[in-house]
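Participant: Given the coordinates of chain A, work out where chain B should sit on it, guided by the hints.
Here's the letter readout for the chains.
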Amino acid sequence: MEMLDHVWLGILAVFQGPALFTLFGIPVPVALVMVALGVVVGIVVGATPGLAGPMAMAISLPILISIFGFRPEALLPVMGFLVGVMKGSTLGGAVPAILFNTPGTPDSYMTTLDGWPLAQKGQAGKALRVAHASSVMGDTFSDLVLFVCAPFLAVLVERYLDFPEKAALLLLSLTFIAAVMGGSVGKGLISMGLGLLVASIGSGEDFYPRLSLGQPALADGFSLATVVLGVLVLGEVFKGLEDTLREQLGKAQEALTMTGPQHLTGSDLRRILPHVGRSAVIGTVIGALPGIGSTLAATLGYTLGKNRHAKAGKSPAFGEGAIEGVAATEAANSAVSGANLIPVLSLGIPGNAAAVFLILAADSIGGFNPGPGVFRMPATGINSEMVIAFGLFTLMITANALNWTLGGAVMRASGIMVRIPRALLLPCVILLTLTSIYVQDPNMMGMVLTAGFGVLGYLMRRFGISPLPFVIAFILAGPLESTVRQAFSATGGDAWFLLDRPLAAVFVAIGVWVVVSNLRRNRSEKGA
Amino acid sequence: MTASSRSTALALVVAGFALVLLFLWIPHDIQTGIVERVRRRTAIGDALAPTVAAAVLLLGALVLFVERRREATPGLSGESLRFLLSVIALGAVSFALMRWAGPVAATLAGTDYRPLRASAPWKYIGFVLGGWVMVFGLVTLVERRASLRGAITAALMVALLIAVYDLPFEDLLLPPNGDL
Chain A
1 MEMLDHVWLG ILAVFQGPAL FTLFGIPVPV ALVMVALGVV VGIVVGATPG
51 LAGPMAMAIS LPILISIFGF RPEALLPVMG FLVGVMKGST LGGAVPAILF
101 NTPGTPDSYM TTLDGWPLAQ KGQAGKALRV AHASSVMGDT FSDLVLFVCA
151 PFLAVLVERY LDFPEKAALL LLSLTFIAAV MGGSVGKGLI SMGLGLLVAS
201 IGSGEDFYPR LSLGQPALAD GFSLATVVLG VLVLGEVFKG LEDTLREQLG
251 KAQEALTMTG PQHLTGSDLR RILPHVGRSA VIGTVIGALP GIGSTLAATL
301 GYTLGKNRHA KAGKSPAFGE GAIEGVAATE AANSAVSGAN LIPVLSLGIP
351 GNAAAVFLIL AADSIGGFNP GPGVFRMPAT GINSEMVIAF GLFTLMITAN
401 ALNWTLGGAV MRASGIMVRI PRALLLPCVI LLTLTSIYVQ DPNMMGMVLT
451 AGFGVLGYLM RRFGISPLPF VIAFILAGPL ESTVRQAFSA TGGDAWFLLD
501 RPLAAVFVAI GVWVVVSNLR RNRSEKGA
Chain B
529 MTASSRSTAL ALVVAGFALV LLFLWIPHDI QTGIVERVRR RTAIGDALAP
579 TVAAAVLLLG ALVLFVERRR EATPGLSGES LRFLLSVIAL GAVSFALMRW
629 AGPVAATLAG TDYRPLRASA PWKYIGFVLG GWVMVFGLVT LVERRASLRG
679 AITAALMVAL LIAVYDLPFE DLLLPPNGDL
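Line order of the protein sequences matches chains A and B.
Residue numbering for the first sequence follows the numbering used here, beginning at 1 and increasing consecutively.
Residue numbering for the second sequence follows the numbering used here, beginning at 529 and increasing consecutively.
Among the hints, erroneous ones may be present.
[As the list claims (entries may be wrong)] SDA-like mimics (lysine to any residue), calculated; alpha carbons at most 25 Å apart, straight line: (1) K239(A) with R672(B); (2) K121(A) with E320(A); (3) K239(A) with S675(B); (4) K239(A) with L618(B).
Treat the hints as calculated values from the structure; they're not laboratory data.
Chain A with its partners taken away, still in its complex shape (with noise of 0.2 Å):
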């Protein structure tokens, strides 16, 4: 079979898949119906400041699963509210930003900068209209890079890379995702080591189980929810209701009036058509890299954008309620969720918190495994995880869809989330993530641990150490140690495998340069 097979075989999956209901006779996939309430889901957390679209994904998965069980025909389901909820959430972030100078979500602070200047003259409906049509316009470019790299990089990755390369290129990825997370080269490493560390405990070939000190509770080592829930959710949830007990209370919100025509005319999308482009461009090239995030993406795009805005001696200014300021933001922040998962798909390395819990979803379901292999060709058959990705594609569409006609809608109807009170709010989700940690599964000492890796998590963020690369450090150790291993073996004991592949030392190569140079690049930045 060929690929275009696997495509159309993956939109079948989508559009034939098991029925929920029928509507006027015709038969509602459940998987689509799944991605339109993950889309709504995640514009409404997006839109609540204090919660964000990986933390809907972190507690709703328990529950998906569920419902679905353990069948591969539940991955598509499954991950169609995923990848619904990450899309909607970065969507959902523009609304706090915009009506109240919130951002809902860190890659929406630049929003505020222009989009709360033209909620206060009276323009809100106008700048709620220009996010969400630059957000998804660029989300869409950027899952459309997704559709033509992720295939033609894995197929890549299978032809050229043998397992010395495979295991350089993975520790390239840990080593590029530790030297630009954060600010600190030192501290990425220290979160990288630590993420090492913990995916050794319980592990290993050997019979006893490494590093337990002789404990049942560690020597099966720690799940992978358990260390993303409580180091991702709980520690940034701790964190929140220290930062809320610190926050002045019932700080008094200004009441918006709209004046003036709201919807967007022609000419509005010719300026910003423009700068949608570039951000867009922007977004995918650092969407996939993985590590580096949309915050850095929307602040790219906002300042190029800038520049160029200046540059032309356009009026109003950017800062100044420039509609085409909030275009640069949106279109930026939203283009690093497609790209993202280029390499999750191709390389099976995740780059973000969203798509940690896309593999979370993956592994705990079984039958789909991100990563090279998905994008095989068969030689007779058909390769089913191929097929998954390709119904992910259409599902990622579907999303897209979903934002263009509902997500205006529901994005101005989610304004009123910004009203509830963080204080009460962040402890309901504390109680759902370990209950959920519970259901998954039934041991109250994973909810122990749970919540001590959540207090791993907040201390790392009190010290400035992001998390990001423990939970990917974590995810990719055993793939890493098992790819070391076989590379080992095949080379005949070759200590100097990584070092003797020419292609293996020019990763080797670039992830010392990588570390150097932004060592370098700190130095510089911060002694100016």
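Facilitator: Relative to chain A, chain B alone:
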């Protein structure tokens, strides 16, 4: 303590931990070496991965030490530490209630909890008490006062979780019923 000295302290603590890992924990808690010979073939042993982790930690500490003048480390203030300890204490009380409230109630009623763990209201006692105390306690901690809305929110959240996880699914167990 300045931000720079906090970076130094963090680098030293991490370096110390990495050295303990390298020279005490790994040698005493792993039964194979970095490389071992199995059936006349050389293979990688279980000690390699944690040794690499320790080396990365050590390298990170070294780089952070070099960066210390430029890299500000926020650190844990006394207020943050008090907050963290309060959260841990609250968590411990909530987990204890969740784990033991049901069995204690069953004992007081003169029966064993295990046969009752799948039947209402017994199966909810631990989760309702522990979950309510956790949410209400955290809301109270953050708002610095006990409020009716905190109590109602906690009760609603516990009820919502029972409705989401327990009522529709027979195979899902709320804490602590899977342990007992």
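Participant: Now, for every hint given, state plainly whether the structure supports it.
Facilitator: Going through the hints against the structure:
1. K239(A) with R672(B): With a Cα-Cα distance of about 16 Å, the restraint between K239(A) and R672(B) holds, given a limit of 25 Å.
2. K121(A) with E320(A): holds, 10 Å
3. K239(A) with S675(B): Answer holds: K239(A) to S675(B) is near 22 Å, not above 25 Å.
4. K239(A) with L618(B): holds, 16 Å
Of the hints listed earlier, there is not a single one the structure fails to meet.
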